[in-house]
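Colleague: Here is what each chain is made of, one letter per residue.
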Amino acid sequence: MKGTQLGEFEELVLLIIGVLFPDAYGLSIREEIIKQTNRKVAIGAVHSALSRLQDKGFVKSDLSDATHERGGRRKRLFSITAEGKRALEKNHELRNSLFNQIPEVALKGLNLSAI
Amino acid sequence: MPSNSLHKVPKLPSKIIQWFCKDELLEEIEGDLFEHYQVLREDHTKWKSDIFYWFHAFHFLRPFALKKFGQNSNIIIMYRSYFKFALRAMWRQKASTAFNLLGLILAFTVCGLIYLHVQQELSYDKFHDRAEDIYRVAWMNENPQTRTPHPMAQAMVSDFPEIESAVSLSPIYAPGLTKQSIKLTLEKENISFNEPDGYFVDSTFFDVFDFKFLEGNPETALNSSWGVVLSKSTAERYFGDAPAIGNRLSFDVNTDMLEVVGVVEDAPVASHFHFNFLISYVSLKSLNFNDPWMSWTDFGHFNYVKLKAGASEEVVEAKIPKWATMYLGWPEEAYEDLLNGIDRFDLQPITDIHLTSNIRWELEANSSYTYLFIYGVSGLFILLISIINFVNLSTARSAQRLKEVGVKKAIGARKTELLSQFIFESTLTTYVALGLSLLVIRNLESEFNNLVQGQIDVGLIFSTQSILFLIIVASITALIAAIYPSFYLNAQKPGDILKGLSGKKIGGAKVRNTLLGVQLVAAIVMISGSLIINEQIKFLKNKDLGFKQEQLAFIELDNYEDKSELMKTNMLQISGVESIAALSNIPGGQFNQHPIYPEQNPDNRVDASELFLDDDAMSVLELEIVAGRMLNEKMAADSAGTAFLINETAAKELNLEDPVGKNLFWVDNENLVKGQIIGVVKDFHFKSLHVPIRPLIMMSRHRGFNYVVASLNAENYSMIIPQLENEYQKIFPQNDFVLKFLDDEIEDLYEEESRTLLLTSLLSGISIFLSIAGLIGIVMIAIKQRVKEIGIRKVLGASIGQILVLINGRFLIITGIATVVGIPITWMLMRNWLGNFTYQNGISPLTFILTAIGLLALIFITISAIAIKTAKSNPSLALRSE
Chain A
1 MKGTQLGEFE ELVLLIIGVL FPDAYGLSIR EEIIKQTNRK VAIGAVHSAL
51 SRLQDKGFVK SDLSDATHER GGRRKRLFSI TAEGKRALEK NHELRNSLFN
101 QIPEVALKGL NLSAI
Chain B
1 MPSNSLHKVP KLPSKIIQWF CKDELLEEIE GDLFEHYQVL REDHTKWKSD
51 IFYWFHAFHF LRPFALKKFG QNSNIIIMYR SYFKFALRAM WRQKASTAFN
101 LLGLILAFTV CGLIYLHVQQ ELSYDKFHDR AEDIYRVAWM NENPQTRTPH
151 PMAQAMVSDF PEIESAVSLS PIYAPGLTKQ SIKLTLEKEN ISFNEPDGYF
201 VDSTFFDVFD FKFLEGNPET ALNSSWGVVL SKSTAERYFG DAPAIGNRLS
251 FDVNTDMLEV VGVVEDAPVA SHFHFNFLIS YVSLKSLNFN DPWMSWTDFG
301 HFNYVKLKAG ASEEVVEAKI PKWATMYLGW PEEAYEDLLN GIDRFDLQPI
351 TDIHLTSNIR WELEANSSYT YLFIYGVSGL FILLISIINF VNLSTARSAQ
401 RLKEVGVKKA IGARKTELLS QFIFESTLTT YVALGLSLLV IRNLESEFNN
451 LVQGQIDVGL IFSTQSILFL IIVASITALI AAIYPSFYLN AQKPGDILKG
501 LSGKKIGGAK VRNTLLGVQL VAAIVMISGS LIINEQIKFL KNKDLGFKQE
551 QLAFIELDNY EDKSELMKTN MLQISGVESI AALSNIPGGQ FNQHPIYPEQ
601 NPDNRVDASE LFLDDDAMSV LELEIVAGRM LNEKMAADSA GTAFLINETA
651 AKELNLEDPV GKNLFWVDNE NLVKGQIIGV VKDFHFKSLH VPIRPLIMMS
701 RHRGFNYVVA SLNAENYSMI IPQLENEYQK IFPQNDFVLK FLDDEIEDLY
751 EEESRTLLLT SLLSGISIFL SIAGLIGIVM IAIKQRVKEI GIRKVLGASI
801 GQILVLINGR FLIITGIATV VGIPITWMLM RNWLGNFTYQ NGISPLTFIL
851 TAIGLLALIF ITISAIAIKT AKSNPSLALR SE
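Keeping their order, the protein sequence lines are chains A and B.
The numbering of the first sequence is the numbering used here, which starts it at 1 and goes up by one.
The numbering of the second sequence is the numbering used here, which starts it at 1 and goes up by one.
The set of hints was computed from the structure by calculation and includes no laboratory data.
The hints are all genuine.
Label pairs and their computed distance ranges (CB to CB): (1) N91(A) with I51(B): 32 to 42 Å; (2) F83(B) with F21(A): 46 to 56 Å; (3) T45(B) with I34(A): 17 to 27 Å.
For every residue, glycine included, the Cβ atom is placed at its ideal position computed from N, Cα and C.
Same shape as in the complex, but just chain A:
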């Protein structure tokens, strides 16, 4: 069923929303993504991901007061919902558990600099 999965970019956005709390909105999220990951993303791409996250119920949003630098427009501030938190945790646990299941041998032979 659509809505239960968390895409890679969505997860990134969701994490950043958490990082930026309580000041996460479209533009600040984009800037944070650029700063933290060096990925160039369009504002529209961020909004698109936000709208998907909201559809899936992982984030909720409220409108702030109008500010001058936005030409008198309000911001939509995002925060993680309980479900969002669960989804993040699930992803995190899944990743850790999978990582821990990798046998030592598999990693040992690797040239570490290549990782």
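Based on the hints, put chain B in the right spot on chain A.
Modeller: Showing chain B alone in chain A's frame:
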């Protein structure tokens, strides 16, 4: 941050976002973009920031942000459901859908092609920049002609302030005035062709006409003597892609006589004359300045004038008669007819020439409005028949959808909504048909051009004008087809409909039958029209022309040296050549003419066509002498060309009771020839049957022999022709061998009529097919409605025959009425067409009787074939269910 330090964002992308993005997202999107723009402007120039702004704005045009047009618009939902209903209805009745489409495609294709053809015919000579100011001067006497004296053009420019420029031109004629092909040779490459359509023209040619120069200078090109301007396609034949200018070409045997001084675009298809090469008259004048052909006495050139913008041609026309007397140099009394307006110099608008002018010496065969009218009417009839079929089938079909309409009305659909649904459906069908017919038209270019001997460019169907025309035609069709059924259905009460009136009362029978009648009228007009055209052509072809046409081959001679005797002797050796003669003109072609008058009555001048021929020509052509004797070159007068034969018409017009032995003057321009009439020839049709027989004078003149005519033994042409060519090449090694059969040439005279026949036959075939198919649809409905009635009649003892008569009766009456209406229409239309002919077959009542009987029989058979099943079926099957 003070408010005035905020940067304004670009307007257009903001607008786009406002149009396309969801309203609830708009604020945050715009807000983010705005804020981002402010940041951008800190670090970047305005234009760079603008580009970034555009980039980000465009990135919002993705599905999540776009307004959902489809889902929350009533209109979209409504049309989507109409579309679905339409597709379902079309799918459910595949046969009638296919038939509807087929009929409409046929009609649109026919209309589109005819439209293109008519457009092209109407566009003749409009390609000149100021075509509306260009006129040709024509001489309108009792036997009007296009040709007028050469000096006239330039005299008009100098004497009339209204005239801006003028040009005189003439095709290069051989003696006897048959158009002559000139052999042009590029010596260094040894390329040579026989070029038809060479013209002598004034140096002002390009002042009057607009032909685009590809090489050379239009101002000076024609000033030099023996300079030649080639058309593009001609230049390509000799020089390929290389520049042509400056090269020399040989003119017949005159080595390197011509210098190429220009290359111009070929004249478009829609031009009343086409040229391969142009030579300035300057060249001729340098040879023989006193050529009478170049003087006022010879009406032998085509003169065109270009009026100043806004000048009136009527003013000029009114001034010409008085003015012309200063130059023409006729005896005083000869001006009488000119001054009192019996004979006139007319200015023919150049754009009208192709469709209205059919006088002597047209540069190329012209058409006439009559043909456009016939084609146009045929196209309209096919369209009408098709629309009617569409309407009839739509009403019939709508009756089967009564329940759907009833439910819709019960739920609360308004009349306008039902109407719009029906219009939507019929529009859908017509536009699908229109699209498909465009495809068909595109693929029929060469077939259609072959059929009408036209050169239409179907690419033009995609021009705005043609598409508009077809869209209008299609929309009108769709509207008509939708309006009637929707009004009919709208008129019913939903309760009645749902109670089930479908079986009993599929209404509109009266309207359907009326429409059927209209259809049949159209079909009758077309069928009897093509029968009449057919009769007339048969009449022309079978009419005794007064000379032999079969098995006669004409071979062109080079009349620069008279080798006709040698040619005759040599060719007569070939077995299969029965007899052979030399003469100047091919019967059916153009003839030169000059005045003749009897010595005893010099005032009685008659214009006579002339034919030069040798002793044998009379017998080869099987011409009959009614008085006097044939030519005999052993007699001095005969070989000197002072013994004349005249035809009966000439004798009559000269008022000579007993012409043989009388002296006659033949005014060969300034050369007055006095001779004696030695015989009278029975009238024969030396011109096409479009014109009456005119006076003709015949004599011997060796320099005038353009052809030898050989009577061949029919069985082995393929053996004889190469031998003829062989003999020809021995005598004229440099020339191309050109052989024509007389019967082919005569047939070509009626090409336009044959083409019309072919087209109208085809169109009437289509029209009868469509009408009958429409009739089948109607009859099926009628039978369905009367199944019970037929059952009861059978129970009461009616025979199958009686039932067939019952079903047929109404339709045969409709056909009868249609015939009665159709006949006078056909009669009027065809009288008009037959008016083009001097020799008319008349309209035989038999044609109409045949059409009526044929149509009645066809309809009777069709209906009976459909009805026989119902008539034979067991009545209990029809009666057991209610």
